[in-house]
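Those protein sequences? They're chains X and D, same order as listed.
With my numbering, letter number 110 in the first sequence gets 110, and the count goes up by one each step, no holes.
With my numbering, letter number 278 in the second sequence gets 278, and the count goes up by one each step, no holes.
Hints are computed from structural coordinates only; laboratory data are not their basis.
Computed from a prediction, not measured in an experiment: that's the story for all the values here.
Heads up, some of the hints might be wrong.
Below, a list of computed lysine-lysine pairs in the BS3-like style, where the Cα atoms sit at most 27 Å apart [stated by the list, open to error]:
#1 D:LYS150 <-> X:LYS156
#2 X:LYS2 <-> D:LYS90
#3 D:LYS230 <-> D:LYS249
#4 D:LYS286 <-> D:LYS150
#5 D:LYS195 <-> D:LYS220
#6 X:LYS283 <-> D:LYS39
#7 D:LYS319 <-> D:LYS374
#8 X:LYS98 <-> D:LYS427
#9 D:LYS286 <-> X:LYS455
#10 D:LYS62 <-> D:LYS85
#11 D:LYS195 <-> X:LYS98
#12 X:LYS2 <-> X:LYS13
#13 D:LYS220 <-> D:LYS185
#14 X:LYS13 <-> D:LYS220
#15 X:LYS455 <-> D:LYS352
#16 D:LYS352 <-> D:LYS220
#17 D:LYS85 <-> D:LYS419
#18 D:LYS419 <-> X:LYS98
#19 D:LYS85 <-> X:LYS2
#20 D:LYS422 <-> X:LYS156
#21 D:LYS249 <-> D:LYS220
Covered stretches of chain D (in silico footprint by chain X; criterion: 3 or more residues with CB under 8 Å from a CB of chain X, positions within the stretch not fixed) [to be verified]:
#22 166-179
#23 197-206
#24 226-239
#25 260-271
#26 294-305
Yeah, the Cβ is synthetic: ideal placement off N, Cα and C, and Gly gets one too.
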Amino acid sequence: MKLIFEKSISGRKSSLLPACDVPEVELDAAYQRQSELPLPELCETDVSRHYTQLCQRVHGVNCGFYPLGSCTMKYNPRINEEMAALPGFTAIHPLAPKASTEGCREVYETAARYLCEISGMDGMTFQPAAGAHGEFTGVMLIKQYHVSRGDTARTKIIVPDSAHGTNPATAAMCGFEVVNIASAPNGCVDLEALKAVLGPDVAGLMLTNPNTVGIFDENILEITRLVHECGGLCYYDGANLNAVMGVVRPGDMGFDCIHMNLHKTFSTPHGGGGPGAGAVGCKEFLKKFLPKSVLMEEAGHIQVRMFEGNFLVVVRALTYLMTLGKEGVPEAAINAVLNANYLMRKIQGTFEPAFDRTCMHEFVLDLSEFKKETGVSALDVAKSLIDRGMHPPTMYFPLIVHEALMLEPTETESKQTLDEAAEIFRDLYKLAFTDPEYMHAAPHHAQIGRPDEVKAARNPILRWEQA
Amino acid sequence: MGSYVPATAAERREMLQAIGMNSEKELYSDVPASMLLDKPLNIPSGMSELEVRAKVEAMAAKNRVYETVLRGAGAYDHYIPSIVKYIPAKEEFLTAYTPYQAEMSQGILQSIFEYQTMICQLTGMDVSNASVYDGATAAAEAAAMCRDRKRTVTLVSATVHPDTINTIRTYCFGTNHELRVVPCKDGRTDPEALKEMLTPDVASMIVQSPNFFGQIEDAKALGEIVHAAKAQYILSFNPISLAILATPKECGADIAVGEGQPLGLPMAWGGPYLGIMTASSRMMRKLPGRIVGETTDDAGNRAYVLSLQAREQHIRREKASSNICSNEALCALTAGLYLATVGPDGLRQVAKQSMAKAHYLADALCAIPGVSLKYSGPFFHEFVTVLPKRDEVLSALDKAGILGGLPVEDGVLWCATEKVTKAQLDKAVAIVKEVLA
Numbered sequence: 001m002k003l004i005f006e007k008s009i010s011g012r013k014s015s016l017l018p019a020c021d022v023p024e025v026e027l028d029a030a031y032q033r034q035s036e037l038p039l040p041e042l043c044e045t046d047v048s049r050h051y052t053q054l055c056q057r058v059h060g061v062n063c064g065f066y067p068l069g070s071c072t073m074k075y076n077p078r079i080n081e082e083m084a085a086l087p088g089f090t091a092i093h094p095l096a097p098k099a100s101t102e103g104c105r106e107v108y109e110t111a112a113r114y115l116c117e118i119s120g121m122d123g124m125t126f127q128p129a130a131g132a133h134g135e136f137t138g139v140m141l142i143k144q145y146h147v148s149r150g151d152t153a154r155t156k157i158i159v160p161d162s163a164h165g166t167n168p169a170t171a172a173m174c175g176f177e178v179v180n181i182a183s184a185p186n187g188c189v190d191l192e193a194l195k196a197v198l199g200p201d202v203a204g205l206m207l208t209n210p211n212t213v214g215i216f217d218e219n220i221l222e223i224t225r226l227v228h229e230c231g232g233l234c235y236y237d238g239a240n241l242n243a244v245m246g247v248v249r250p251g252d253m254g255f256d257c258i259h260m261n262l263h264k265t266f267s268t269p270h271g272g273g274g275p276g277a278g279a280v281g282c283k284e285f286l287k288k289f290l291p292k293s294v295l296m297e298e299a300g301h302i303q304v305r306m307f308e309g310n311f312l313v314v315v316r317a318l319t320y321l322m323t324l325g326k327e328g329v330p331e332a333a334i335n336a337v338l339n340a341n342y343l344m345r346k347i348q349g350t351f352e353p354a355f356d357r358t359c360m361h362e363f364v365l366d367l368s369e370f371k372k373e374t375g376v377s378a379l380d381v382a383k384s385l386i387d388r389g390m391h392p393p394t395m396y397f398p399l400i401v402h403e404a405l406m407l408e409p410t411e412t413e414s415k416q417t418l419d420e421a422a423e424i425f426r427d428l429y430k431l432a433f434t435d436p437e438y439m440h441a442a443p444h445h446a447q448i449g450r451p452d453e454v455k456a457a458r459n460p461i462l463r464w465e466q467a
Numbered sequence: 001m002g003s004y005v006p007a008t009a010a011e012r013r014e015m016l017q018a019i020g021m022n023s024e025k026e027l028y029s030d031v032p033a034s035m036l037l038d039k040p041l042n043i044p045s046g047m048s049e050l051e052v053r054a055k056v057e058a059m060a061a062k063n064r065v066y067e068t069v070l071r072g073a074g075a076y077d078h079y080i081p082s083i084v085k086y087i088p089a090k091e092e093f094l095t096a097y098t099p100y101q102a103e104m105s106q107g108i109l110q111s112i113f114e115y116q117t118m119i120c121q122l123t124g125m126d127v128s129n130a131s132v133y134d135g136a137t138a139a140a141e142a143a144a145m146c147r148d149r150k151r152t153v154t155l156v157s158a159t160v161h162p163d164t165i166n167t168i169r170t171y172c173f174g175t176n177h178e179l180r181v182v183p184c185k186d187g188r189t190d191p192e193a194l195k196e197m198l199t200p201d202v203a204s205m206i207v208q209s210p211n212f213f214g215q216i217e218d219a220k221a222l223g224e225i226v227h228a229a230k231a232q233y234i235l236s237f238n239p240i241s242l243a244i245l246a247t248p249k250e251c252g253a254d255i256a257v258g259e260g261q262p263l264g265l266p267m268a269w270g271g272p273y274l275g276i277m278t279a280s281s282r283m284m285r286k287l288p289g290r291i292v293g294e295t296t297d298d299a300g301n302r303a304y305v306l307s308l309q310a311r312e313q314h315i316r317r318e319k320a321s322s323n324i325c326s327n328e329a330l331c332a333l334t335a336g337l338y339l340a341t342v343g344p345d346g347l348r349q350v351a352k353q354s355m356a357k358a359h360y361l362a363d364a365l366c367a368i369p370g371v372s373l374k375y376s377g378p379f380f381h382e383f384v385t386v387l388p389k390r391d392e393v394l395s396a397l398d399k400a401g402i403l404g405g406l407p408v409e410d411g412v413l414w415c416a417t418e419k420v421t422k423a424q425l426d427k428a429v430a431i432v433k434e435v436l437a
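Make a model of the complete structure from these sequences and hints.
Next comes the structure, spelled out in C-alpha cells:
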C-alpha cells in the first residue's frame, strides 16, 4: 500500500482550531525555522482511511491466536481501555497539586498493595516504562545497596545462558561485568556452575523462574541461599510470572527484588511494542533505594524517567487485578499452565518438546532432528503458520535449544483454539515430509513474502524521501 | 469474581485427563511443596465488570480536572483531535506485540516507518528510531551513545528539565560515568562557563531549547562552542515548537531528543509518553532501540522490517547499545497520526497560537504591579515571573478551576497552549490582580 506521504495533496487540511483570539507575536528571525516543514497534507477522511488500511495489516491478540513464548499474549479486556480513557485520569497534569490527584495516588497505592502481595515483596514502584527498564531499575537497587555499604568490590552479575538478552544488557548498563553460566542439561541452573563463580566479587544473580524453557527450577531455594551466602542479592525477572501468580511467590523463593511486566502478566496491551510498564518490587531493606515517585517522596531517591511512570498502563492493570481478585489470579496461572501442557501433549508425536516433562506456562519445541530429516527449519514452520492465520511462536530462543520454537498459549485461549492449533502443527509436520519446498517459500498468502533483511541492514532506508 | 478463562470445569477435567493428570496440583509438582501458598492471596475477591467500573470511576472522580491549565514544565495540555484518540484504540494496533513477524505486521512497521520519517521532517535530522520511553531517558541514552574510552564525561545545562538531569545522573551512575552541570545565567546556558568546562574528556553536552524556564537558548552558538572542543552536541527539543523554531539540524545537533507528549498524547499524570530520538547518519548504528527499515520481499515488493538489529540486546547481549526492548510504539503511532492530522499548517497554528497566548498572558501578568518576567531572553510558550503572595495567588486560581503556573525557585513557571481562550486568560489575570491588589 502507499505511504501516507504518497497520499499528500498540497493545500489539503483539516479544520481543528479557531482563529487566534490574541495578537500574534513575531519571533526574532535568528531563532526561526529556516527549512520547510514537509509534513504530509491530508484531510481527515484520508487519515482515517490510511490508518484503517494499516490496521488491517496487523495481527493483534484480540484478533486471533498469538502463542508468542515469553511474551504472555493474553486477551486484553476492553474494560481496561475504557477505564484508562476516563478524563479523570487522562486530563491530570503530572505536577498538579497533591490535593487534586488523590485518585491517581489511590490507583498506585492499591495496585502496589495487590502486586506486593502477589510477588511477596514489601515495596513497589511504577516508574519503569517497560520490562527492560524495570530490570535496569531493579539492578540499580542492587548497585545502590552495595555502594551504600561501601562494598564496591562487587563488580559481577551472574546470568544463566538461557536468559533473555535484556538481562546481560541490563547488567552492563548498571556497570557490572556479566558472568554467564551454562545451564544444566534440564535447562535449569547448574548448581556446580553457580558455586564455581560465587565469591566476594558477586553483586547478584538475575533469574527468571519458571525459566525460559518453561521449567520451574526445583533448586530455587538452594540457588538463592547460595547467592545470599556469598553476599550477593537475587533479582527476579518477572517475564514468566504468569505461570505462578497466586500459586507461589518470588519473595518466598528468596528473591530480593523483582520486575513485573504489567503488559504481559496483567493483561495490558502491548501496542505493537509498547507502552508497557515494569513495576519493580523489593524487600523492605531495599525500599530506600526505589526511584522517586509519589510512593517515595522524600529526597535522595534516584530517578529513572520523568514524572510518575506509565500511569494509564497501571490503571489498566489495576482494573484487571480488581476483576480477577484473589480467586482469579491463581485461576489464570493454573489455566495458563494447563493450556501449555495440553497443547504440548497434543503436538507431541510430531514436533517434540525439548524437555519431555511437565512444563509451566510455556514450552519449547526442538526442531533440530526434524530439520535433519526434512530440511525444513523452525523458521519455515513459523512462516507456514502465518498462512494458517496464527501468529508464530517465538523462534530461535532460548539460545540453548537449537531450532527452537517457544509456545505460550496463555489461559485466555479455549480448548477449541488449542485443538485447532495442534491440528495445524500436525498438518505442517506432515507437509514437511511431502512438500518441503512449499514450506521453504512460505508464507504464500500473507501481506508480503519473506522480506530481505540483509538488504535492509546493508542499505538502510530508514525514512521516506521525496523522489 | 471476574475471569477471562474460557475453559469450563468439564473441559478442564478433560484437558487434565488428556495430559495424564488427576488434579491441577500435579501441574505444580516441580515446585517444592513448602513454597506453595497455603492460603488465598490477601487481596479482595474478584468482581464483575459492572462493579469494577464503579470502583475505578470513583477513583477517577477523586481527581480534579481543571477547566484551565496554565502549567507545563514538561507536560502540555494541547488539543487532541478526535481521530487521534480513536485510531490508536483499534484492537489490531492496540493488542499486537512488537512486529517480529514482518509478514503479518506490515501495518505496525509502516506506521513506525512513517513516524520515523515525520520526525526527521520535523527535526531536520537524518534518522529517527522507533522511540524510547520518554524525553528524559532519550537524553540519557543519547549521552551514552557519545561516550568512548577517551571521552567519558557528560555535560548538561542547568536549564534542562530537572527530571531529565536526574535521569541522566542515574544512567551515568549506572555505568560509573561522570555528569557535570553547566551553570546558567539569566535563565539560559552560560556560554563562557561552557567553554571552560569543555575539557578533552568531555564526550557530549546536552542543551534543552526551549529550556525548562521556557527560554529559547542560543542553540546554534552553543553548538559551535561544543563542536570547537570536538565534543558531541545533544539538543533536546519540544516537537510543537519546531514548527516555527530553528530545527536541531539547523542548530548543529549531532543527536536530537525530545518528549513527544505534546503530539497528541494526554497528560495522564505523567505517562505513557514518548521518547523521541534522532541522530545524524554518522551516529545511526549507535542508536538504541527498534528501527524500521524499508526493503523488498521475495517477489520484489516494498516491505518493512525491524532493521539494524545487530545493535540490540537480543543479538549483542551485554555488548548492546542499550537494554531497551519494548518501547512506546503505540505512542509513536499516535504522534505520527497527530502530525498527519494537523499537517504542516495545523502544526504551525498550534505553535503560533501557543506562543501568542503565552505572550499575551505574560504581558497581562506583568502589567500587574509586583509581577515581572524573571528572565530577559526570548520565550516560546512558557515563562517565569516573579510573583508576590505566590501561594495565595495559586490557591485563588485553584478555587476558580484554574491550574496556575508551577512554583520554581523564587518564581512561577507559566505556560499557555492553543487550547486556552483569551477569556480564560483574562479571567486568570483578573484573579491574580485581585489577590495582589
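Evaluated hints:
no.: 1; hint: D:LYS150 <-> X:LYS156; result: 24 Å, holds
no.: 2; hint: X:LYS2 <-> D:LYS90; result: 20 Å, holds
no.: 3; hint: D:LYS230 <-> D:LYS249; result: 17 Å, holds
no.: 4; hint: D:LYS286 <-> D:LYS150; result: 17 Å, holds
no.: 5; hint: D:LYS195 <-> D:LYS220; result: 14 Å, holds
no.: 6; hint: X:LYS283 <-> D:LYS39; result: 21 Å, holds
no.: 7; hint: D:LYS319 <-> D:LYS374; result: 46 Å, violated
no.: 8; hint: X:LYS98 <-> D:LYS427; result: 24 Å, holds
no.: 9; hint: D:LYS286 <-> X:LYS455; result: 19 Å, holds
no.: 10; hint: D:LYS62 <-> D:LYS85; result: 23 Å, holds
no.: 11; hint: D:LYS195 <-> X:LYS98; result: 41 Å, violated
no.: 12; hint: X:LYS2 <-> X:LYS13; result: 19 Å, holds
no.: 13; hint: D:LYS220 <-> D:LYS185; result: 17 Å, holds
no.: 14; hint: X:LYS13 <-> D:LYS220; result: 32 Å, violated
no.: 15; hint: X:LYS455 <-> D:LYS352; result: 43 Å, violated
no.: 16; hint: D:LYS352 <-> D:LYS220; result: 22 Å, holds
no.: 17; hint: D:LYS85 <-> D:LYS419; result: 17 Å, holds
no.: 18; hint: D:LYS419 <-> X:LYS98; result: 24 Å, holds
no.: 19; hint: D:LYS85 <-> X:LYS2; result: 23 Å, holds
no.: 20; hint: D:LYS422 <-> X:LYS156; result: 60 Å, violated
no.: 21; hint: D:LYS249 <-> D:LYS220; result: 9 Å, holds
no.: 22; hint: 166-179; result: holds (count 9)
no.: 23; hint: 197-206; result: violated (count 0)
no.: 24; hint: 226-239; result: violated (count 0)
no.: 25; hint: 260-271; result: holds (count 6)
no.: 26; hint: 294-305; result: holds (count 10)
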